[in-house]
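Colleague: Spelled out, the chains give:
Number of protein chains: 2
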Amino acid sequence: MQNPNVSVDCVVFGFDGQKLNVLLIEQEDFGQACRFALPGDHLEEEEDLDQSAARVLRELTGLSGLYLQQCGTFGDPSRVKDPKDLPWLTHVRKDPTARVITIAYYALVKMTDFNLLASSFAARAFWHDANEIPRLAFDHNMIFDQALSTLRRELSELRVGFELLPNKFTLSQMQAVHEAILNSNFDKRNFRKKALNDQWVVALDEKQTGVVHKPARLYTRNLERAQN
Amino acid sequence: MQNPNVSVDCVVFGFDGQKLNVLLIEQEDFGQACRFALPGDHLEEEEDLDQSAARVLRELTGLSGLYLQQCGTFGDPSRVKDPKDLPWLTHVRKDPTARVITIAYYALVKMTDFNLLASSFAARAFWHDANEIPRLAFDHNMIFDQALSTLRRELSELRVGFELLPNKFTLSQMQAVHEAILNSNFDKRNFRKKALNDQWVVALDEKQTGVVHKPARLYTRNLERAQN
Numbered sequence: 001m002q003n004p005n006v007s008v009d010c011v012v013f014g015f016d017g018q019k020l021n022v023l024l025i026e027q028e029d030f031g032q033a034c035r036f037a038l039p040g041d042h043l044e045e046e047e048d049l050d051q052s053a054a055r056v057l058r059e060l061t062g063l064s065g066l067y068l069q070q071c072g073t074f075g076d077p078s079r080v081k082d083p084k085d086l087p088w089l090t091h092v093r094k095d096p097t098a099r100v101i102t103i104a105y106y107a108l109v110k111m112t113d114f115n116l117l118a119s120s121f122a123a124r125a126f127w128h129d130a131n132e133i134p135r136l137a138f139d140h141n142m143i144f145d146q147a148l149s150t151l152r153r154e155l156s157e158l159r160v161g162f163e164l165l166p167n168k169f170t171l172s173q174m175q176a177v178h179e180a181i182l183n184s185n186f187d188k189r190n191f192r193k194k195a196l197n198d199q200w201v202v203a204l205d206e207k208q209t210g211v212v213h214k215p216a217r218l219y220t221r222n223l224e225r226a227q228n
Numbered sequence: 229m230q231n232p233n234v235s236v237d238c239v240v241f242g243f244d245g246q247k248l249n250v251l252l253i254e255q256e257d258f259g260q261a262c263r264f265a266l267p268g269d270h271l272e273e274e275e276d277l278d279q280s281a282a283r284v285l286r287e288l289t290g291l292s293g294l295y296l297q298q299c300g301t302f303g304d305p306s307r308v309k310d311p312k313d314l315p316w317l318t319h320v321r322k323d324p325t326a327r328v329i330t331i332a333y334y335a336l337v338k339m340t341d342f343n344l345l346a347s348s349f350a351a352r353a354f355w356h357d358a359n360e361i362p363r364l365a366f367d368h369n370m371i372f373d374q375a376l377s378t379l380r381r382e383l384s385e386l387r388v389g390f391e392l393l394p395n396k397f398t399l400s401q402m403q404a405v406h407e408a409i410l411n412s413n414f415d416k417r418n419f420r421k422k423a424l425n426d427q428w429v430v431a432l433d434e435k436q437t438g439v440v441h442k443p444a445r446l447y448t449r450n451l452e453r454a455q456n
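Protein chains in written order, with the numbering used here: chain C, 1 to 228; chain V, 229 to 456.
In short, the hints are calculated from the structure, not lab data. Take the hints with a grain of salt, since some may be wrong.
Listed below are the simulated PhoX-like cross-link pairs for lysine-lysine, each with C-alpha atoms no more than 20 Å apart in a straight line [stated by the list, open to error]: (1) K422(V) <-> K193(C); (2) K168(C) <-> K94(C); (3) K194(C) <-> K421(V).
Keep in mind the model is a prediction, meaning the values are calculated, not measured.
Excised from the complex, chain C in its bound form (with noise of 0.2 Å):
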């Protein structure tokens, strides 16, 4: 038996402060109808698979140091085979029908700490609504949902999110992640409840300043229950 071929594929989930988005490629497409993508690459002799998905990350951000998280490998005999994916595969890989194993990761970011580079892998990248995602390429699709299913499972017991908050922050500031991730719109008295009965965050003694409105409490992460 021929070993398979190992990729990474990254989705990367950006914030705006308002909306989740995730980071998408355009793949040359070689006289096809446009052709997207999520960011990966092949894994390289030496590196370790965690190293693999920071380096396409880097690529593309010129950021290291990113919350990455593996979700998932995928190795479907037939997910590199369906006749739509061919005619870029014969384009760019020697041998277009092996069989190729590819270990999701996926990231949180703030769109506002970077700007988007083109890569070895990607002429373009670009931000996408992550709740209206097109036709990706292979099994990208599924990769995707599985990574949200992934980041949702997360916030819901408060493993990320923090990433997407400065240090000190309101409880408004910490429900619009919330809500983004989840698509869905929460009563604010139930989602202070929830933050603050199962303490999650500390309140602090000190207020918002620098806003015309009035000012808000800010709380900060309760790093004792995090590590739990």
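For this one, chain C is given, so just place chain V on it according to the hints.
Modeller: Quick look at chain V alone, frame taken from chain C:
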């Protein structure tokens, strides 16, 4: 670059009614001290990842359809390059220095449902106390640790655990499952409160039969709750 080998490894947790165990295999030791490992095998040509893990489990237990879930992929370039593993690799692999990327799965089974079988990849399989794992081959101790923490997380959200109970169970039986997996003791009243307040289970209008002590009320899984 030469493509890496790809394998699956399974962390099979078994519950005997009291304690949590894990299924280990003994690898032929070729003059070394006794060599233990997690059961696993190389991926076959036309096999999906889930199918491959299910095959490993079927060979060891004779059972299909067991609860089986990915819990991480391990691909450190040096993960099979420890000198302790070289003699074994030299005996069984054509290229003992080839990189191997492994997809880890965990399973949760009732030990009373089956007997262990020999398999193509293990002359002997046996149960071992999950709280006292010996030194294992390759990075299998790390894989075990990750599987155990995944299992514990899933248990705390009640996504797993019911596999180990009959359809109708007492809260004491449920508590025994949780205590075994978390290796700790809970206060009976608090455990009951949590199970009932969070509506993970539904009380039935039935009691145990055929027991010498005072028969306890029976409960069943709240399937509506499980779907969220």
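Colleague: Flag every earlier hint the structure violates by its number, smallest first.
Modeller: Failing hint: just 2.
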